[in-house]
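Peer 1: In order, the protein sequences belong to chains D and F.
Residues in the first sequence are numbered from 139 upward in steps of one, following my numbering.
Residues in the second sequence are numbered from 10 upward in steps of one, following my numbering.
Honestly, I wouldn't trust all of these hints.
Partial list, computed: chain D residues near chain F (C-beta under 7 Å) [claimed, not checked]:
id, residue
1, Tyr348
2, Leu351
3, Ser425
4, Ser426
5, Val453
6, Thr454
7, Tyr461
DEER-style ranges, computed between Cβ atoms [said to hold, decoys possible]:
id, chain 1, residue 1, chain 2, residue 2, range
8, F, Val59, D, Pro202, 46 to 52 Å
9, F, Ala66, D, Ala479, 46 to 52 Å
10, D, Ala503, F, Ala66, 18 to 24 Å
11, F, Ala66, D, Pro355, 20 to 26 Å
12, F, Gly81, D, Val384, 31 to 37 Å
13, D, Gly632, F, Ile58, 48 to 54 Å
14, F, Met25, D, Lys565, 30 to 36 Å
15, F, Val73, D, Pro516, 17 to 23 Å
16, F, Val59, D, Val384, 45 to 51 Å
17, F, Ile58, D, Ala479, 29 to 35 Å
18, D, Val271, F, Gly51, 52 to 58 Å
19, F, Met25, D, Phe475, 26 to 32 Å
To be clear, the hints were calculated from the coordinates, so they are not data collected in a lab.
Bear in mind the structure is a predicted one, so any value in this text is a computation, not a measurement.
We treat Cβ as the ideally placed atom computed from N, Cα and C, and that holds for glycine.
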Amino acid sequence: MSAVLDHPGDHAHGHAHDHPSGWRRWLYATNHKDIGTMYLWFSFAMLLVGGVNALLLRTELFQPGLQILRPEFFNQLTTMHGLIMVFGAVMPAFVGFANWQVPLMIGASDMAFARLNNFSFWLLPVAASLLIVSYFVPGGATAAGWTLYAPLSVQMGPGMDLAILALHLMGASSIMGSINIITTILNMRAPGMPLMKMPMFCWTWLITAYLLLAVMPVLAGAVTMVLTDRHFGTSFFNAAGGGDPVMYQHIFWFFGHPEVYIMILPAFGIISEVIPTFARKPLFGYSSMVYATASIAILSMIVWAHHMFTTGMPVTGQLFFMYATMLIAVPTGVKIFNWVATMWRGSMTFETPMLFAVGFIFVFAIGGFTGLIMAVAPLDIQIHDTYYIVAHFHYVLVAGSLFALFSGTYYWIPKWTGHMYDERLGKWHFWASMITFNITFFPMHFLGLAGMPRRYADYPMQFADFNAVVTIGAFGFGLSQLIFLWMVIRCIKGGAKASDRVWENAHGLEWTVPSPAPFHTFETPPVVK
Amino acid sequence: MMQADRQPASRRKAGMAATFQAVGASFFGVRGRGSHERDLAGLHPVRVIVAGLLAAALFVLVLVTVARMAAG
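Take these sequences, add in the hints, and give me the full structure.
Peer 2: Here it is, written out as structure tokens:
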């Protein structure tokens with residue numbers, strides 16, 4: 139560790155002449171802030187690519203009948219939208235936050251393995267290129283759905299191989315990133331900061347990193363078996379050769395369900411930082427929050443088959459996965475309770491980070507409740523693969539993960555750029571996102587309950603009105619994100635000078651360094667009292 | 010903050026009952042401040058991991074039993 143911590147020469151004064159400039163600064167980047175910035179820009183670019191995919195889908199679905207897309211291409215867009223958003227947008231965005239914030243919050247000078255960090259990031263643009271190029275190979279991109287179920291995934295064209303390789307690269311990136319985050323948090327905390335005094339964001343990321351280490355290799359195994367089934371004569375998932383396509387679903391969801399928590403636990407961490415600042419009270423039940431995060435992570439490993447109730451399983455199996463799934467509501471409820479209790483009788487103000495945090499609690503709770511409904515096996519069999527499911531996971535992943543990412547960006551961007559963002563733009567962004575998000579996704583519950591299946595390019599006339607509303611909402615939501623982009627660009631270019639502490643009740647080591655945070659921080663570890 | 014009186018992990022002597030209590034709290038997601046402070050002072054990390062694995066296995070067994078009973 140000392141090899142990383144000891145910088146030769148005198149770096150005590152913040153300056154910028156000791157690091158490369160131009161393209162070398164980014165290609166050879168080893169600084170956690172530079173790498174964090176690259177992660178964040180990459181994930182935003184992917185958000186836009188995945189968003190354009192979604193808007194193309196919604197354009198086709200604006201009216202019944204086939205208007206602009208061939209059904210095959212529609213299926214490709216559906217698949218790529220999911221893969222790009224999950225692996226290209228949400229996950230890298232949280233790693234970007236971890237890169238920027240974890241060292242600053244624990245008083246470390248950088249991440250533990252700086253070059254590994256560089257490698258973790260640069261694998262991602264390669265993987266994204268593979269995914270995007272796959273649209274242009276014979277047969278187009280994979281159209282098996284983001285879950286890549288066999289036998290479809292065994293039958294697809296070369297686009298599927300590119301997707302498998304992309305997933306391998308993104309998985310390797312996540313594993314290396316997790317090793318880095320775990321080592322940084324366990325070994326490089328400032329003197330006087332035991333684990334149980336660590337900021338909640340770092341706790342949630344520590345637990346998330348262990349989850350990633352546990353399940354990313356499982357995904358790699360699943361897609362490798364698909365690859366060998368496709369090209370090397372194996373029959374893991376081919377019933378004709380003695381294999382079992384349902385086994386793919388089990389293996390995939392053993393990764394896939396913890397993956398859901400991988401995308402939401404760091405969001406919980408961000409919300410747990412923002413709410414105490416703007417409620418001007420310490421986080422209620424800090425240790426319970428840590429325990430609840432651990433509990434959610436443990437439970438997430440034993441509920442995977444609730445995604446598969448319709449594949450046929452013994453009643454005992456259905457009941458087991460149903461009970462285990464419903465139990466996750468307990469620690470999640472603890473978290474919601476603690477956030478509300480933190481706000482209770484606090485001197486609250488509603489700057490944009492707080493608006494997104496409160497909005498997160500509201501919409502995430504809706505997503506949580508619909509999840510509880512789907513946990514009930516007989517109900518799930520009715521709504522499986524309908525738009526009810528699409529509504530549910532977008533409430534959790536867009537209004538959950540994405541709103542938390544926005545909240546965190548508004549909260550820390552003054553520290554990153556040295557400028558205050560435009561509060562008026564922030565509020566516009568929040569209200570536009572909140573309203574259009576609900577216009578887009580709330581009617582999907584009704585469509586699902588009425589029986590509209592997901593992943594189809596066409597639908598019967600009785601679903602026309604709600605689909606038209608959903609498409610209008612989707613375009614509104616997509617355009618609202620341009621306000622965010624405009625806010626970020628303006629904030630980088632200039633604006634009111636941000637103070638070191640930025641928010642009057644912000645606590646934590648990141649607020650003790652100047653704004654913008656200098657290239658090197660905490661070269662001498664701070665002592666936490 | 011690192012409490013000055015905290016024992017090194019190897020010398021912490023909290024019993025099995027206390028260890029399982031803490032693990033149980035982590036399954037539920039709630040822990041009072043006083044109990045949490047006692048956990049920090051007394052629990053041995055290796056025992057906590059072993060207790061966690063045992064408790065997870067027990068939890069699965071209990072759920073399977075309940076599911077079997079409900080399925081009749």
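Peer 1: Each hint: holds or not?
Peer 2: Okay, the hints, checked on the actual structure:
1. Below 7 Å, beta-carbon pairs count as interface contacts, and D/Tyr348 has none with chain F, the closest being about 12 Å; its hint is therefore violated.
2. At a threshold of 7 Å, the smallest CB-CB gap from D/Leu351 to chain F is about 15 Å, leaving the interface hint violated.
3. About 4 Å separates the beta-carbon of D/Ser425 from the nearest beta-carbon of chain F, less than 7 Å, and the hint is met.
4. Satisfaction of the interface hint for D/Ser426 is found here, the shortest Cβ-Cβ separation to chain F being roughly 5 Å, below the 7 Å cut-off.
5. For D/Val453, the shortest C-beta to C-beta distance to chain F is roughly 4 Å, which falls under 7 Å, so the interface hint holds.
6. Hint on D/Thr454 holds. Least Cβ distance to chain F is approximately 5 Å, under the 7 Å limit.
7. For D/Tyr461, the interface hint holds, the least distance from its beta-carbon to any beta-carbon of chain F being 5 Å, beneath 7 Å.
8. The supplied range of 46 to 52 Å is broken by F/Val59 and D/Pro202, whose beta-carbon atoms lie about 59 Å from each other.
9. At about 33 Å, the CB distance of F/Ala66 to D/Ala479 disagrees with the hint of 46 to 52 Å.
10. For D/Ala503 paired with F/Ala66, a C-beta distance near 32 Å fails the hint of 18 to 24 Å.
11. Roughly 22 Å separates the CB atoms of F/Ala66 and D/Pro355, a value that falls within the hinted 20 to 26 Å.
12. Range check, F/Gly81 to D/Val384: Cβ separation about 25 Å, and the 31 to 37 Å hint is violated.
13. Between D/Gly632 and F/Ile58 the beta carbons are some 51 Å apart, a value that agrees with the proposed interval 48 to 54 Å.
14. For F/Met25 and D/Lys565, the Cβ-Cβ distance of about 54 Å falls outside the hinted range of 30 to 36 Å, so the restraint is violated.
15. Checked against the hint of 17 to 23 Å, the pair F/Val73 and D/Pro516 passes, with Cβ atoms roughly 20 Å apart.
16. At about 34 Å, the CB distance of F/Val59 to D/Val384 disagrees with the hint of 45 to 51 Å.
17. Between F/Ile58 and D/Ala479 the C-beta distance comes to about 31 Å, which sits within the given range of 29 to 35 Å.
18. Remark: the range hint 52 to 58 Å for D/Val271 to F/Gly51 is upheld by a beta-carbon distance near 57 Å.
19. A hinted range of 26 to 32 Å for the beta carbons of F/Met25 and D/Phe475 is consistent with their spacing of about 30 Å.
Against the hints set out earlier in the document, violations occur for numbers 1, 2, 8, 9, 10, 12, 14, 16.
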